[in-house]
Amino acid sequence: MEIGPIWRAMMRSKGGYILIALQIAVTMAIMVNAIAIMQERGSRMARPSGLDEANTFAFVSVGFAPDMNNKALINEDLDTLRNLPGVKHVTASNSFPLRQGGWSEGLHREPGVGKSVSSSAIYFVDEHGLDTFGLELIDGENFAPEQVGWDSDTDDPWPATVIVSQALGEHLFPDHEGPYVGKTFYFNDDNPAKIVGVVKTLQSPWQGWAGVERAMLVPQRRDSEFVRYIVRTEPGYRDELMVQVEELLASSNKDRIIRHMVTMDEVRKLAYLGDAAMIKILTFVVALLTAITGLGLVGLASFSVARRTRQIGIRRALGATKAAIVRHFMLENFVISSIGIVAGGGLAVGLNIFMVQAFSLTPLAWYVIPIAMVVLWIVGQLAVAGPARKASNISPAIATRSV
Amino acid sequence: MFRYYLKLGSLSIRANPMLSFLMVAAIAIGIGACMTIMTVKHVMSGNPIEHKNDQLYHVQVDNWNPDDPYEDPDLPPEQMTYLDAKALFDASRAFRQTKSYKISRVVQPDGDDARPFQTDGRATTADFFPMFDVPFQYGSGWDNSADATEERVAVLSRELNEQVFGGENSVGRILTINGESFRVSGVIDEWNPVPKFFDLNNNPYEKPESLYLPFSLAVAGKFDRGGNTSCWKPFEGEGFEAFLASECIWIQMWVELQDESAKADYMQFLDAYVEEQKLLGRFPRPLNNRLYNPAEWMDYQEVVDDDVDVLLGLAVLFLVVCLLNTIGLLLAKSMRRAKDTSLRRALGASKLELFKQHIFEAGIIGVAGGLLGIAMTWLGLRGIENLYVEYDFIQHLVRMDWSMISLAVVLAVTSAVGAALYPTWRTCNITPATHLRLQ
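Chains as they are written, first to last, in our numbering: chain A, 931 to 1333; chain B, 1058 to 1496.
These aren't lab readings, by the way, just hints derived from the structure by calculation.
It is possible that some hints are incorrect.
Said to hold, decoys possible - Below, simulated DSS-like cross-link-like pairs (lysine-lysine); rule was C-alpha separation at most 30 Å, straight line:
{"id": "1", "chain 1": "A", "residue 1": "K1124", "chain 2": "B", "residue 2": "K1290"}
{"id": "2", "chain 1": "B", "residue 1": "K1396", "chain 2": "A", "residue 2": "K1320"}
{"id": "3", "chain 1": "B", "residue 1": "K1279", "chain 2": "A", "residue 2": "K1184"}
{"id": "4", "chain 1": "B", "residue 1": "K1290", "chain 2": "A", "residue 2": "K1113"}
Since this is a predicted model, take the numbers as computed values, not measurements.
Whenever a hint applies, use it, and build me the whole structure from the sequences.
Structure (structure tokens):
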């Protein structure tokens, strides 16, 4: 191969080539890290909430008249909703996954005030909660109807039974290899709670929280003028039911307002708005960057060809084939690209280590680096192909001219 | 001489239109990316109350769990209990003081077909309005006396006033809220501090609340709390009274202190207060009181998302790539013009002359790149607005002022001239004989 002469020719005017290699290196560092961030965000967005999101919507009823009978209204609403055709399950709950607002509670393995060992999102639901959320029960059983009472009817601050997510069980009892059903933990000082069921996945309302997978269902009806209803429908009924329900409930009682009518799809979109935007911005950045570097390489190659017109003519006159000329430029680009890409790999890893420390990002997956390398090699070769072809068309007669 | 350089520069730029365009475009895109993210960061990390930054202080006292700090390492809670807010407010030791929390209310407009609606509100005290320089369209806040007498007064945002009273001067009119009548004492003018420094506990970028009611009334009426509440200790007793007497935190407390000595005095007062409470069996943790001014408080609460800094870092690197690209192209161009330069040198042009000529040419490219970069920034900001349609504050990003525009141009010219230094230096050091020999 002609690497030897090409290398020696390059070493005679290093400045320009170092610049190109540097540009490729920085491009690679940005590209790799942007892809790493996109991957992180993408996998974050792909986590299931545990809910049957496609067929679920939620809304809020706020009573505002003084001295309302909340219990009666809630019972009546639940009855009305459960009897609508197309409705599968309904529950009242204080919150739901991805909502960004809710109730969290510190948990203890032993009774008494002290350092809590875990914390969890709390969803107050009735016996329909499990099916309304559409959770997959992997152990134990659902609440029985008689286990679910009104908070205003009892002096006990917490019910004695709960259903937890698998992740919460693991976090609460790290030394215990399951099953978690039958285990007991404590709310604040000495309110014991026994685990009666474990669900595979149930996310907390805060998708940015490190403990996002820790949540529990607590069997309690809340006597409040502020009620959040969650409705799971038969497939295809969601959108028409939303309109119907709003109309029906708003007119059934004039002393309350129906608001915050949202589908779970909208809730998810809002929860991950920042991540989705970040992915879009970074995709755009990577595309633009590749284009700029590619165009820059085209420009440089054209210059290089123009400057060496006479030299190429002489080579052609001395017997070099057109293919040899093309190969010369392609190889030259390959050598510079390789230097840039290797340096870029180091730069990318360094930048990633810095970003992981400074912004607690997930470290990049190893295979991103070879992918970026291949992409940049291809971009380099494509960029130089045009000018190289042009160079191969230079007539050998040029050699006889003096300019 | 200036016009001669201008002529030479434009000739050279026009000699390679594609290449010149590529250089201008690369600089413009790099500048556009940087300026876009810098604008976002500037808006997100702004201090809307900068002119009172050394007078306002957010108050923190550490009433948390002896075994478990509110936040590691050993940070005090971000909000205050009712007990402490009441005691510190009643002591009235600062020039001004206010305690407030977010509430949720239902407004019932007059008229049979008007539907009631829910609105975000803030339960607060009279000093809130002068402390935070809240601008009024009509009327004013309520008197300090109303804080104690539980007078039914209300302050409305401009939007709420438009919704309920059609934007008229509604001072003195009666508004029904959750079945109770309130007298309007003032209407706030356009006011949107970003971030919402006085309450960063929920979304620091949401709009200020649209309804303001006296704190004492809200507590007496057990108004629904709209913000976060955190507790560590079980209640002693039952009902709302027990909640008020508990160690739960849900109130934001601010004081206005006019100088450093007033701040020192207030800190002393706080310490004395906590020591006194310790004797009563409260405050089991070590003394850990804090007075942060708005800038410190926003910093402490980390209101600016890490994503912005990540993007800013990538944007700067992006600009670096664009500049390396420009340097490479300028270098290639100058090598190609070696013969031309050699001729000029041979005919008597000094190195300084050549240097000035080439830098001037780079300057032209820089100015063009900067101007195009402003357009790119505008496009970038519109793009960001579209991506974050649901975030209200982002919708006011495109407010590029002269300082931004001049910053873009200065950045572009500096970058272009900086990029031109190495190629120009190489050009100036050409040995004319080598290149003229072939002639």
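Okay, the hints, checked on the actual structure:
1. For the hint linking K1124(A) to K1290(B), the alpha-carbon distance of about 21 Å falls within 30 Å, and the restraint holds.
2. Distance restraint check for K1396(B) and K1320(A): the Cα-Cα separation of roughly 23 Å lies within the 30 Å cut-off, and the hinted pair is therefore satisfied.
3. Distance check on the hinted pair: K1279(B) and K1184(A) sit about 22 Å apart at the alpha-carbon level, within 30 Å; holds.
4. Our distance criterion of 30 Å between C-alpha atoms is met by K1290(B) and K1113(A), whose separation comes to about 24 Å.
Figure legend: structure checked against the earlier numbered hints; every hint is met.
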